[in-house]
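Chains U and P, in that order, are what the protein sequence lines are.
Sequential numbering from 167 applies to the first sequence in our numbering.
Sequential numbering from 3 applies to the second sequence in our numbering.
If you are wondering where the hints come from, they were derived from the structure by calculation, not from laboratory data.
Some clues are possibly wrong.
[As the list claims (entries may be wrong)] Computed beta-carbon distance windows for the label pairs:
id : chain 1 : residue 1 : chain 2 : residue 2 : range
1  : U       : 181       : P       : 20        : 43 to 53 Å
2  : P       : 103       : U       : 168       : 21 to 31 Å
3  : P       : 59        : U       : 168       : 14 to 24 Å
4  : U       : 211       : P       : 12        : 14 to 24 Å
[To be verified] Below are the DSSO-like pairs computed for lysine-lysine, each with C-alpha atoms no more than 30 Å apart in a straight line:
id : chain 1 : residue 1 : chain 2 : residue 2
5  : U       : 211       : U       : 245
6  : P       : 32        : U       : 211
7  : U       : 168       : U       : 208
8  : P       : 54        : P       : 32
9  : P       : 54        : P       : 15
10 : U       : 211       : U       : 168
11 : P       : 15        : U       : 208
12 : U       : 208       : P       : 54
13 : P       : 15        : U       : 211
14 : U       : 211       : P       : 54
15 : P       : 32        : U       : 208
16 : U       : 245       : U       : 208
Glycine included, each C-beta is placed from N, C-alpha and C at the ideal position.
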Amino acid sequence: RKEVEQDPGPFNVPEGATVAFNCTYSNSASQSFFWYRQDCRKEPKLLMSVYSSGNEDGRFTAQLNRASQYISLLIRDSKLSDSATYLCVAPAPSARQLTFGSGTQLTVLP
Amino acid sequence: DAGVTQSPTHLIKTRGQHVTLRCSPISGHKSVSWYQQVLGQGPQFIFQYYEKEERGRGNFPDRFSARQFPNYSSELNVNALLLGDSALYLCASSLTSSGNTEAFFGQGTRLTVV
Numbered sequence: 167r168k169e170v171e172q173d174p175g176p177f178n179v180p181e182g183a184t185v186a187f188n189c190t191y192s193n194s195a196s197q198s199f200f201w202y203r204q205d206c207r208k209e210p211k212l213l214m215s216v217y218s219s220g221n222e223d224g225r226f227t228a229q230l231n232r233a234s235q236y237i238s239l240l241i242r243d244s245k246l247s248d249s250a251t252y253l254c255v256a257p258a259p260s261a262r263q264l265t266f267g268s269g270t271q272l273t274v275l276p
Numbered sequence: 003d004a005g006v007t008q009s010p011t012h013l014i015k016t017r018g019q020h021v022t023l024r025c026s027p028i029s030g031h032k033s034v035s036w037y038q039q040v041l042g043q044g045p046q047f048i049f050q051y052y053e054k055e056e057r058g059r060g061n062f063p064d065r066f067s068a069r070q071f072p073n074y075s076s077e078l079n080v081n082a083l084l085l086g087d088s089a090l091y092l093c094a095s096s097l098t099s100s101g102n103t104e105a106f107f108g109q110g111t112r113l114t115v116v
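Using the sequences plus the hints, can you model the full thing?
Here it is as structure tokens:
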């Protein structure tokens, strides 16, 4: 089993829609989680950090389910500019590195 | 404040050649990590340096090496390039050496090996 797994998509949604991505992680001791956004051929940019049950920032909500070992990212009122690949990160507690999922591709359609 | 800067942005090399990639972290950050990202995959960890010492190494061959300088900038070196080394190489800067700390990426160096 991969350490971090994501549905690769692609998710194609109309503008204004609500979309949710799930990410499962294998290390039950993981404490910190991150969502990064990556535009085509660009670097990943930190979107949200999750240290407890969840986090909310405007249209974006991240929720953590420790019992089932998954993190979700909810995007409300999708904008064209939300089109990107969303990368989930779930590092092991003692790890030096970020452990990335393969990413979920989102396309918001006009 | 400047973010993480990497150079060069693009590079084309021939098989068997050597390449050096450079990274300057965010001011005040002492940790630099290197990642390789191939198309369709998430970034894969190569090295972490903190306070000029190697603190972590990913599953990459010995052809890959790195170092960190007193000003916390870093170099990634790859010897005997293979076609499979073609990828986006990303440098990440963070305050601590923990993988549970927020990390910020440079724009990357896109390496093409022909």
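Tested hints:
1. Judged by the Cβ atoms, the range 43 to 53 Å given for residue 181 (chain U) and residue 20 (chain P) holds: they are separated by roughly 48 Å.
2. Evaluation of the 21 to 31 Å hint for residue 103 (chain P) and residue 168 (chain U) yields a pass: the beta carbon distance comes to about 23 Å.
3. Checked against the hint of 14 to 24 Å, the C-beta distance between residue 59 (chain P) and residue 168 (chain U) comes to roughly 20 Å, which is consistent with it.
4. For the hinted restraint 14 to 24 Å between residue 211 (chain U) and residue 12 (chain P), the CB-CB distance of approximately 20 Å keeps it satisfied.
5. This hinted pair checks out: residue 211 (chain U) and residue 245 (chain U) have alpha carbons roughly 17 Å apart, not beyond 30 Å.
6. Straight-line distance between C-alpha atoms of residue 32 (chain P) and residue 211 (chain U) comes to about 19 Å, which keeps the hinted pair within the 30 Å bound.
7. For the given pair, residue 168 (chain U) sits about 25 Å from residue 208 (chain U) by alpha-carbon distance, which is consistent with the 30 Å threshold.
8. A threshold of 30 Å between alpha carbons decides the hint, and for residue 54 (chain P) with residue 32 (chain P) the separation of about 8 Å falls inside it, so the pair holds.
9. As the CA atoms of residue 54 (chain P) and residue 15 (chain P) are separated by approximately 28 Å, the hinted pair is consistent with the 30 Å bound.
10. A distance of roughly 23 Å separates the Cα atoms of residue 211 (chain U) and residue 168 (chain U); the hinted pair therefore holds under the 30 Å criterion.
11. A threshold of 30 Å between alpha carbons decides the hint, and for residue 15 (chain P) with residue 208 (chain U) the separation of about 21 Å falls inside it, so the pair holds.
12. Taken as a hint, the residue 208 (chain U) and residue 54 (chain P) pair is honoured in the structure, with Cα atoms around 27 Å apart against an allowance of 30 Å.
13. Of the supplied pair hints, the one linking residue 15 (chain P) and residue 211 (chain U) holds, its CA atoms being roughly 28 Å apart against a limit of 30 Å.
14. Taking the CA atoms of residue 211 (chain U) and residue 54 (chain P), the gap is near 25 Å; set against the 30 Å cutoff, the hint holds.
15. Under the criterion of a C-alpha separation no larger than 30 Å, the hint pairing residue 32 (chain P) with residue 208 (chain U) is consistent with the structure, at around 24 Å.
16. Using a Cα cut-off of 30 Å, the hinted pair residue 245 (chain U) and residue 208 (chain U) holds, with the two alpha carbons roughly 19 Å apart.
Every hint from the earlier list agrees with this structure, and none is contradicted.
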